[in-house]
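Enquirer: Following the hints, complete the assembly by docking chain B onto the known chain A.
As given, the protein sequences belong to chains A and B, one line each in that order. Throughout the first sequence, residue numbering follows our numbering, covering 1 to 146 in sequence. Throughout the second sequence, residue numbering follows our numbering, covering 1 to 161 in sequence.
Because the hints were derived from the structure by calculation, they are not lab data. It is possible that some hints are incorrect.
If you want a taste of the chain A side facing chain B, the calculated C-beta under 10 Å gives, among others [as the list claims (entries may be wrong)]:
#1 48
#2 51
#3 55
#4 112
#5 119
#6 121
#7 123
#8 127
#9 129
#10 130
#11 131
#12 134
#13 145
Just the calculated beta-carbon pair ranges, DEER-fashion [to be verified]:
#14 B:105 - A:44: 29 to 35 Å
#15 B:26 - A:71: 53 to 59 Å
#16 A:79 - B:62: 50 to 56 Å
#17 A:46 - B:42: 41 to 47 Å
#18 B:87 - A:89: 47 to 53 Å
#19 A:57 - B:33: 40 to 46 Å
#20 B:105 - A:137: 24 to 30 Å
#21 A:68 - B:42: 34 to 40 Å
#22 A:88 - B:60: 43 to 49 Å
#23 A:76 - B:59: 53 to 59 Å
#24 A:84 - B:84: 28 to 34 Å
Over 12 Å on every C-beta distance to chain A, these chain B residues come out as not near it, computed from the model [stated by the list, open to error]:
#25 27
#26 31
#27 32
#28 34
#29 38
#30 45
#31 56
#32 86
#33 87
#34 101
#35 106
#36 107
#37 108
#38 109
Cβ coordinates follow ideal geometry from the N, Cα and C atoms, glycine included.
Now for the letters of each chain:
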Amino acid sequence: MTGLRARRATSNDAGAVTALQAALAAEHAAVYGYGVAGAQLSGSAQHDALRYWSEHQKARDTLTAMIAAHGATPVAAQAAYDVPFTVHDSGAARRLAARLEDGVARAYLALVAEQSLREYAAKAMQPPAERAAFWRGTTTAFPGFP
Amino acid sequence: MLASSATLLAAAGAATALTGCAGPNPLAGPPPLAHDVREVFGAIAAEEALIDTYNRAIARYSGLSGQLALLLADHRAHLARLRAHIIEPAGHRLAVPPGHGAALPGSGSATMTMLASAERSAASACLRRLGAVPAATAQLFASIAASEATHAQALTSQVPA
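This is chain A alone, in the form it adopts within the complex (with noise of 0.2 Å):
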């Protein structure tokens, strides 16, 4: 991301990089879980998905910049995830997609306790949370929260 100067971290980053770091690990999730629900999607509900992949992979490297820009080292992405149920329909894969972007929503929800990132955050979790909704097909109050 071209304009951000990498700087070394002090202890008053510490928490925001905390934060993002678990931000990150959880669009690292994403990402690779929505490889997994693809291959069990067809028509405009893949096509979606793949979307959506795509909108995971760009967070990610939001984020990979921004912890960067704080002089940390990024998470690295693991080589796989559990997936914590099996996904052999299209049912499976939706209510996979909706875990995945629950997942992201309490990412960046925690991360709106850090003051600096506040505003970021609030906004980031919006997409999670409306693709949360739309996998799930319906609304939940609190987004976010368990």
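Expert: Okay, now just chain B, sitting in the frame of chain A:
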């Protein structure tokens, strides 16, 4: 002979001036609300207005009640958690008048569009409240804003971007 009320009040003021008392003036009314308390009060009023609008929409357009009732349930949950988030300070009571929500359009489809716009406005208002409140309050506002964004999406049957 008993002193008049005005005499007593004047005497209290004079006594204060003579003694240089630095404590709160019991005659001045309740102290102003802290900024974060005002923001929670504002969020409560906003939820009350949305609930009022949804109730009237459901009453007028019964064919929409199935979908609108689910969103209304979310707003009632928002209100309950906001009210639980704060104890109304002494001397400050949040009294939201009935019927203060948005006016309803003349058709069900226009009402859905109006509600979607109201949800987006409410979400934006929540984001504007984030700045100077404690972290836990900010997270509550952010979550409510995200919920309202999902409502706008549901009301317009949009596929997320």
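Enquirer: Now, for every hint given, state plainly whether the structure supports it.
Expert: Hint by hint, here is what the structure shows:
1. 48: Result: holds, 6 Å to nearest chain B Cβ.
2. 51: Nearest chain B Cβ about 8 Å off; hint holds.
3. 55: Since chain B brings a Cβ to about 8 Å from residue 55 of chain A, closer than 10 Å, the hint holds.
4. 112: Status holds, d = 5 Å.
5. 119: It holds, given that the least Cβ distance between residue 119 of chain A and chain B is near 6 Å, below 10 Å.
6. 121: At about 7 Å, which falls below the 10 Å cut-off, the nearest Cβ of chain B leaves the hint on residue 121 of chain A intact, so it holds.
7. 123: Holds - the Cβ of residue 123 of chain A comes within 10 Å of chain B, reaching about 7 Å at its closest.
8. 127: holds, 7 Å
9. 129: holds, 4 Å
10. 130: The hint holds - residue 130 of chain A has a Cβ within 10 Å of chain B, the shortest such distance being about 4 Å.
11. 131: holds, 5 Å
12. 134: Cβ of residue 134 of chain A sits 5 Å from chain B, so the hint holds.
13. 145: Nearest chain B Cβ about 6 Å off; hint holds.
14. B:105 - A:44: 29 to 35 Å: holds, 31 Å
15. B:26 - A:71: 53 to 59 Å: holds, 54 Å
16. A:79 - B:62: 50 to 56 Å: holds, 54 Å
17. A:46 - B:42: 41 to 47 Å: holds, 43 Å
18. B:87 - A:89: 47 to 53 Å: With a Cβ separation near 50 Å, residue 87 of chain B and residue 89 of chain A satisfy 47 to 53 Å, so the hint holds.
19. A:57 - B:33: 40 to 46 Å: holds, 45 Å
20. B:105 - A:137: 24 to 30 Å: Holds: the Cβ-Cβ distance is about 27 Å, inside 24 to 30 Å.
21. A:68 - B:42: 34 to 40 Å: Holds, at about 38 Å.
22. A:88 - B:60: 43 to 49 Å: holds, 45 Å
23. A:76 - B:59: 53 to 59 Å: holds, 55 Å
24. A:84 - B:84: 28 to 34 Å: holds, 31 Å
25. 27: holds, 38 Å
26. 31: Residue 31 of chain B clear of chain A: closest Cβ-Cβ about 26 Å, beyond 12 Å.
27. 32: holds, 23 Å
28. 34: Holds, because the least Cβ-Cβ distance between residue 34 of chain B and chain A comes to about 17 Å, which exceeds 12 Å.
29. 38: holds, 18 Å
30. 45: holds, 18 Å
31. 56: Correct as stated: the minimum Cβ-Cβ distance to chain A is 20 Å, above 12 Å.
32. 86: The assertion about residue 86 of chain B holds, with a minimum of 17 Å to chain A.
33. 87: holds, 21 Å
34. 101: holds, 19 Å
35. 106: Given that every Cβ of chain A is farther than 12 Å from that of residue 106 of chain B, nearest at about 26 Å, it holds.
36. 107: holds, 23 Å
37. 108: At about 19 Å from chain A, residue 108 of chain B clears the 12 Å cut-off, so the statement holds.
38. 109: holds, 20 Å
Hint compliance for this structure: every hint is met.
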